[in-house]
Structures are given as C-alpha cells and as structure tokens.
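Peer 1: Taken in order, these protein sequences are the chains called W and X.
Taken in order, the first sequence gives residues 1 to 417; the numbers are from this note's numbering.
Taken in order, the second sequence gives residues 1 to 317; the numbers are from this note's numbering.
Since the hints were made in silico from the structure, they are not lab data.
What you are looking at is a predicted structure, and each value in this text was computed from that prediction instead of being measured.
It is possible that some hints are incorrect.
[As the list claims (entries may be wrong)] One-sided excerpt, in silico: chain W residues whose CB lies under 8 Å from chain X: (1) Asp187; (2) Ala191; (3) Arg193; (4) Gly198.
[Claimed, not checked] According to the in silico footprint, chain W covers these stretches of chain X (three or more CB under 8 Å from chain W): (5) 96-104; (6) 113-127.
[Unchecked claim] Quick list of the computed label-pair ranges, beta carbon to beta carbon: (7) X:Thr210 to W:Pro178: 46 to 52 Å; (8) X:Thr210 to W:Glu398: 30 to 36 Å; (9) X:Ala245 to W:Asp217: 32 to 38 Å; (10) W:Asn375 to X:Glu164: 56 to 62 Å; (11) X:Asp218 to W:Val377: 56 to 62 Å; (12) X:Asp99 to W:Asp44: 40 to 46 Å; (13) X:Asp99 to W:Gly28: 35 to 41 Å; (14) W:Glu316 to X:Pro275: 33 to 39 Å.
Where is the CB? At the ideal position from N, CA and C, for every residue including glycine.
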Amino acid sequence: MKRKLAGARVIDPSQRLDEVTDVWIADGEVAAIGDPPDGFGTPDDEIDASGLWAAPGLVDLSARVAGRLGAETRAAAAGGFTSVCCPPDAEPVIDDTAALNNLLAAARREAMVRVLPIGALTQGLGGEGLADHDALCRAGCVALGNGSRPIADSKVMRSAMRYAASLGKTVFLLPADPWLSSGCAHDGRVATRLGLEGIPVAAETAGLARDLALIEDTGVKAHFCRLSSARAVAMLEAARAAGLEFTADVAMHQLFLTEQDISGFDARAHTRPPLRSTTDRDALIRAVAAGTVDAICSDHTPLGIDARLAPFAATEPGISAAETALALGLRLVQDGALTETRLIELLSTTPARVAGRPVGLEAGNPADLALIDPNAVWTCNPDDFESQGRNTPFEGWEFHGRVARTLVAGKTVFQRT
Amino acid sequence: MTDPQLGPGRRLRHFLTIDGLDRAMLTEILDTAESVREAAVQRVRKLPLLRGKTVINLFFEPSTRTRTTFELAAQRLSAEVVNLPLELSSAVKGESLLDTLSTLEAMHCDLFVVRHPLAGAAHFFAAHVPEGVSVLNAGDGAHAHPTQAMLDLFTIRRHRPDLENLTVAIVGDVLHSRVARSQIHALTAFGVREIRIVAPPPLIPAEIETLGVHVHHDLDRAIEGVDVVVMLRLQRERMHGPFLASEAEYFRCYGLTAERLGRARPDCLVMHPGPMNRGVEIESAVADGPQSVILEQVSNGLAIRMAVMMMTLGARA
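Build out the structure end to end from the sequences listed, making use of the hints.
Peer 2: Listed below in structure tokens is the structure:
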C-alpha cells in the first residue's frame with residue numbers, strides 16, 4: 001500500500017521542518033517528505049491534505065485507556081494521538097506479566113492506536129515489595145512507574161530505581177509526599193473557603209526533592225509526571241543547572257485551570273495533583289515554552305457518571321482529556337505562548353523520545369500522523385466525545401483547530417466526518 | 001456563577017452557606033428570627049405557618065443540639081418532622097447519597113435539613129432535589145454551618161447592635177471549623193471592624209487572610225480590646241498528633257481563663273458553639289460567668305432555624 005499525503009503544512013520539529021509539501025507513505029512507513037523516493041511508482045491513493053497541518057502523531061505520556069480500550073483509544077485517535085502510555089494503576093494493576101499480556105492482547109484486538117504500557121515499580125503499587133521489572137520490560141512495558149500512588153519508603157524507591165537503571169528503563173515519577181497528599185484541593189484560598197482539605201505545594205516539592213536525590217544517587221533515567229507548581233519548576237531548573245538529567249511533563253489542563261475552577265464544589269475540575277494558583281499556572285506555561293518542562297500529557301482519565309455523584313472530596317479526580325488536549329494546546333499557540341513547532345515538540349516528538357518510540361517523520365519511521373485542521377471552529381460538548389468519560393470542565397469552551405484525520409502505520413484510524 | 005441558594009426573585013430557596021449572601025438577606029433572617037423569638041421560647045404556643053409541610057432531618061453525623069433545635073423549630077411552626085439519624089442506619093453503607101435522597105424524595109417532603117461529614121454535601125443535595133424542595137445546611141464538613149453563624153450574629157446583635165464597631169476574636173481550631181468559616185462570612189457581611197483568628201499555626205487554614213481576617217498566635221495579645229470572643233470546640237481527635245502536643249499545652253496557650261478575659265473590653269461577650277470542653281478551650285468560671293452568652297446562643301438557635309425554615313418555604317410571620 002502506497003499513499004501520497006498531498007499539500008499539507010508538514011511540521012516536524014525533529015527535522016526542523018515546517019513547510020507545505022507532500023508526505024509519501026509505503027508499507028506503513030514514511031518513505032519520504034517532499035519528492036517521492038526513487039522507484040516509488042504510482043501511489044495507491046492520495047489524501048488531499050491542503051489547508052491541513054501534518055504533524056507526527058501525538059504521543060500521550062498518560063492516558064487511562066485500559067478497561068475500555070476500544071472507546072478510549074478511539075478518543076485518543078480523535079485527539080490526534082497515535083501512541084498512548086497506559087499508567088500501571090489500571091484495573092488490574094500492571095504489576096505482572098499476566099496482567100500485561102492481557103492488556104496487550106486486548107490492545108491488539110480493540111485498540112485504534114499504539115498502547116504503550118508502563119509497568120508497576122512495586123507489587124500492587126503498594127510501595128513495599130518490588131514488581132518483577134525484568135519480566136515486565138521483556139513482555140513489553142516501555143517504562144516503569146507507580147502510577148498515582150507515591151512510594152513512601154525511600155529505601156524501596158531507591159531499590160526500584162537501581163533495578164530500572166540496570167534495565168536501562170525510564171521511571172515515571174509523580175512526585176508527592178504521601179503524608180502531605182491526603183487532601184483533595186490545592187491548599188490555598190479556595191480550599192479554605194470551601195472547607196476542603198488542602199494539598200500544599202510542599203507535597204509536590206518534598207516528593208520532588210527526595211526523588212531528585214535518588215535519581216542522582218542511582219543514575220536512573222527519570223521522567224517527572226504532571227507537575228503542578230511554580231516551585232517544582234524552579235527546583236527542576238536548579239537541578240538541571242547542577243547537571244542532573246531527567247525529563248518532565250505537565251497535564252494540559254494545568255496550563256488553563258486554577259484552584260478557582262473548583263469554586264462552588266465543581267467536581268469536574270477535581271484533579272490530582274490539584275489545580276493550583278494562577279501564579280503556578282503561569283509559571284507552568286512559561287516552563288513549557290522555555291523547555292524546563294519537556295512534554296505535555298493529556299492525563300486522560302475517563303470516569304463514569306457515578307464517580308461524580310458525591311460531595312467534592314468523595315468524587316474521583318480526573319478529566320476525560322484526550323479529545324481536548326490538542327485544541328487547548330492550539331489555544332496556547334493562538335495566545336502567543338507557544339509556537340506551532342514547540343507545541344508539536346511538547347505533544348509528539350519529545351514524549352516519543354521519553355517513551356522510547358521512533359521520533360518524528362523521518363524516512364523509515366512508522367507513518368503515524370495527525371492531520372490538523374487549524375481553522376475548524378468547534379464547541380466542546382462532552383456528548384459528542386468518543387470517550388465513554390464525559391467528565392470535562394471544558395464543556396462549552398470554543399476552540400479553533402481540531403484533528404481532521406489520524407493515521408497509524410499509514411492507515412486511517414480516525415477521520416472526522 | 002449564579003448563587004444556587006437563591007430562587008426566583010432572589011428569594012432564599014436553600015440555605016447552604018453565608019458566603020455570597022448580602023447584608024440585606026442576612027438582616028431579613030435576623031429580623032424574621034426576632035419576630036418569632038417569643039413563640040420560640042414559649043413552649044405552649046405553636047405558629048401555624050408551616051402546617052401541612054414536611055421536614056426531614058437528615059443527619060449523617062451525630063448531633064444532639066443542632067438536630068433537636070431544628071426539630072423543635074419545625075414543630076413550633078406546625079410542620080411534620082421526621083428524624084433520620086443516618087449514622088445509625090445500615091442505609092449508609094453501600095447506598096449512594098443520591099439513592100438515599102431519591103428514596104426520601106419519594107416521601108414528598110418540603111425541606112431537607114442536612115448534616116454531613118463532607119464539605120459540599122449540602123450543595124450536592126441542593127443540586128439534586130426537585131423544584132420546590134429546599135435544603136438547609138446543618139453543617140457540612142469544615143465548609144459551613146450557616147444557622148450557627150446566624151444565631152451567633154443574632155446573639156451579638158441583641159447585645160451590641162453597633163456591629164460595625166466591634167472587634168471579634170475567633171479562637172481555636174479554625175482549620176476544621178465550619179462554624180468559624182460561616183461566622184467570618186457573616187461578620188464580614190455586617191462590616192465588623194476587625195476579625196482576629198487566634199490558633200496555633202497548624203490549625204490556621206491556608207491563606208485565611210483572603211477572607212478578611214487577621215491571624216494571631218498569641219491569645220494574650222490578640223484578646224486585647226476585643227468586644228466578642230468566640231471559643232471554638234477542640235475535637236478530641238485533634239488533641240494529640242500532628243496538630244497539638246497536648247490538651248494541657250493547648251489550654252495554657254489558647255484556653256480562655258478569667259485572667260485572659262480581663263484583657264478584653266470589660267463588656268466583652270463570651271461565646272461558644274458547644275458542646276464545650278471545659279478545661280481544654282474554656283475555663284468553667286468563664287463559661288458560666290456573667291459575660292457568657294453561651295446558653296442564650298442555644299435558645300436563639302431555635303428562632304434562627306424557624307426563620308430560615310419560614311423564608312425558604314415562603315411563610316410570613
């Protein structure tokens with residue numbers, strides 16, 4: 001199967017490419033950009049992509065797709081994602097090869113995009129006994145982590161990091177001091193007004209300080225997930241300046257929402273880590289622009305209706321985010337906070353590198369592409385979601401720009417009608 | 001965002017929090033309470049204002065005095081009252097809050113009085129009851145206890161009508177206190193001169209200054225010149241562990257003694273939402289002393305609860 005993707009604005013930061021041109025696809029791989037390679041012959045079909053952007057498929061570093069792989073990977077595809085990392089705190093927990101193999105088998109049957117499992121660092125994510133990292137990685141985990149459950153015991157964390165380092169695998173870390181994390185909202189004016197137990201910024205920075213020390217000690221490749229505070233960003237800058245290597249991401253919603261969004265006990269904005277102050281949000285935006293933060297994930301967490309039908313503290317945190325992440329990112333571009341190239345770097349090429357996937361649209365890479373219509377105007381209505389989770393605080397937001405078509409290995413897995 | 005408490009014509013539909021209600025509305029509550037105060041304290045007289053209405057007391061947390069005063073308030077207004085002490089019932093386990101609510105709705109009542117250990121529970125109920133049914137918040141987690149704050153304000157106003165000239169100290173576990181939060185909103189709405197929050201640092205909520213209060217950690221200095229001192233109850237489970245070293249230390253630093261009270265204005269009112277821990281946050285000599293209005297608070301609670309029931313159910317005295 002040979003295809004020609006004609007006339008798109010091709011944006012591939014990995015090749016410093018941003019021009020209107022053609023992409024040639026053969027046998028599921030990128031054959032060439034620009035002129036067809038020698039001997040390509042006549043393509044079997046041609047996709048008219050004029051007026052669209054063609055970006056390397058987006059890579060989500062955190063998307064809870066396990067359990068309803070069909071619907072949730074369709075949601076990912078509708079959001080332009082071609083690969084999604086599935087955190088280990090799934091049901092069942094990805095802490096042994098049986099659970100992992102089941103997930104991978106289900107992914108082969110149902111998934112529309114590539115599912116990249118993250119194996120558990122500890123058994124049952126309990127933070128005590130180590131999981132079998134070697135078996136998990138051999139069976140297909142791209143990285144190791146403990147999901148949203150912090151490992152309290154530093155001795156366990158250090159051991160887990162040493163194993164991961166010996167396997168050459170990246171550990172995904174959600175820095176959090178467990179004793180300071182028992183609340184449900186940012187420890188600030190809104191939580192105080194609402195009488196909700198707060199999670200102070202120190203929950204994140206205390207966890208981060210510990211983890212940075214252990215990264216230095218063990219030499220593990222580390223990736224920090226879903227940072228929420230200005231102080232955490234400042235700590236990362238200082239650690240980098242001191243020579244430590246790691247990567248970090250934020251969840252897209254942290255770049256838009258603040259503690260104010262939970263006013264009136266609006267559980268749609270219940271997230272973990274919590275939405276913090278305007279100062280924190282603004283620092284995170286600057287950090288993704290400047291490169292202190294390397295990637296943006298959707299932190300897609302589809303929830304059923306029942307998960308919200310309770311007073312705020314008893315609701316489950318999370319946003320069904322796969323289908324709004326790119327549109328929000330485009331808004332950052334429209335607001336002048338990011339360039340188009342930087343956005344694609346944050347959503348595709350850097351996360352691909354973190355997840356150990358081929359990066360960008362170089363010849364020979366899988367033809368995973370997101371075709372984006374930058375002029376599509378649409379209003380977020382959760383009833384239109386492909387995801388089974390309708391939990392979004394962005395209901396009613398108007399966006400400019402939307403995925404028109406998504407290709408995985410050269411095949412169209414999503415096309416907007 | 002529209003205030004979920006207000007119905008058509010900006011009438012009080014639910015009473016969930018003081019936060020967001022204006023001074024006129026709060027004054028109406030106080031004045032309505034004043035108009036029924038006599039009926040409230042005379043046991044023989046019942047007002048026929050809520051005849052035919054049904055009130056359900058939904059208490060997901062143990063409570064004696066609050067539940068009793070809501071019950072009496074409804075009875076004094078001739079309403080039918082049903083008490084559901086849910087903390088004792090097996091329905092709590094397994095059944096979702098919403099299912100509990102739907103079951104109760106099928107009984108066609110007019111007013112739910114809700115107490116729940118989670119902040120936002122009363123808002124949650126208010127968002128899900130059908131048109132024409134009201135919700136009164138009898139305390140939700142650390143969020144709000146608006147009838148308590150109104151009865152406190154009522155008590156203060158009866159002694160000191162010049163509210164804007166008052167300096168009020170609220171002393172104790174503000175972090176976990178729904179009473180303190182509601183009092184702060186109520187006192188702020190009436191423009192009191194100064195509100196002082198006095199507590200050990202771990203019991204002060206983050207950025208509480210944004211509610212318009214001043215934070216103090218030294219009661220001896222903070223009590224100087226105050227017109228009203230409100231002592232908060234210290235929950236037993238807070239007396240040890242990360243918040244406090246011991247009851248003895250707490251009493252030494254933050255307990256109200258006659259000697260300390262001497263630093264306040266001579267006519268300073270002493271208040272406590274009850275139930276008191278004598279010898280922990282307040283000395284008996286003060287609790288039972290001439291400046292204490294603690295028992296008045298209890299009887300005024302009846303009038304305030306009658307007033308908000310009347311207002312939410314559209315009855316006029």
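Peer 1: Look at the Cβ atoms of glutamate 316 of chain W and proline 275 of chain X and judge whether their distance stays inside 33 to 39 Å.
Peer 2: Distance hint for glutamate 316 of chain W, proline 275 of chain X holds at roughly 35 Å.
Peer 1: Cut-off 8 Å, C-beta pairs, minimum 3 residues; does the coverage of the segment 113-127 of chain X by chain W stand?
Peer 2: It holds: at least three residues are needed, and the segment 113-127 of chain X offers 7 whose Cβ sits within less than 8 Å of chain W.
Peer 1: Take the C-beta atom of alanine 245 of chain X and the C-beta atom of aspartate 217 of chain W, compute their distance, and say whether it sits inside 32 to 38 Å.
Peer 2: 35 Å, holds
Peer 1: Is the shortest C-beta separation between aspartate 187 of chain W and chain X less than 8 Å?
Peer 2: Holds: closest Cβ of chain X sits about 4 Å from aspartate 187 of chain W, inside 8 Å.
Peer 1: Is 40 to 46 Å right for how far apart the beta carbons of aspartate 99 of chain X and aspartate 44 of chain W are?
Peer 2: At roughly 57 Å between Cβ atoms, aspartate 44 of chain W and aspartate 99 of chain X fall outside 40 to 46 Å, so the hint is violated.
Peer 1: Can glycine 198 of chain W be said to touch chain X, with a Cβ gap under 8 Å?
Peer 2: At about 5 Å, which falls below the 8 Å cut-off, the nearest Cβ of chain X leaves the hint on glycine 198 of chain W intact, so it holds.
Peer 1: Per the coverage rule (Cβ-Cβ under 8 Å, at least three residues), is the segment 96-104 of chain X covered by chain W?
Peer 2: With 3 residues in contact (Cβ-Cβ under 8 Å with chain W), the coverage given for the segment 96-104 of chain X holds.
Peer 1: Tell me if arginine 193 of chain W is really an interface residue toward chain X, meaning its C-beta lies closer than 8 Å to one of theirs.
Peer 2: 7 Å, holds
Peer 1: At the C-beta level, are threonine 210 of chain X and glutamate 398 of chain W separated by a distance inside 30 to 36 Å?
Peer 2: At roughly 31 Å between Cβ atoms, glutamate 398 of chain W and threonine 210 of chain X fall inside 30 to 36 Å, so the hint holds.
Peer 1: Within 46 to 52 Å: is that where the Cβ-Cβ distance between threonine 210 of chain X and proline 178 of chain W falls?
Peer 2: 28 Å, violated
Peer 1: Does alanine 191 of chain W hold up as a contact with chain X if the rule is Cβ-Cβ below 8 Å?
Peer 2: For alanine 191 of chain W, the interface hint holds, since the closest Cβ of chain X sits about 7 Å away, which is under 8 Å.
Peer 1: Does the Cβ-Cβ separation between aspartate 218 of chain X and valine 377 of chain W fall within 56 to 62 Å?
Peer 2: 59 Å, holds
When held up to the earlier numbered hints, the structure conflicts with 7, 12 and 13 and fits the remainder.
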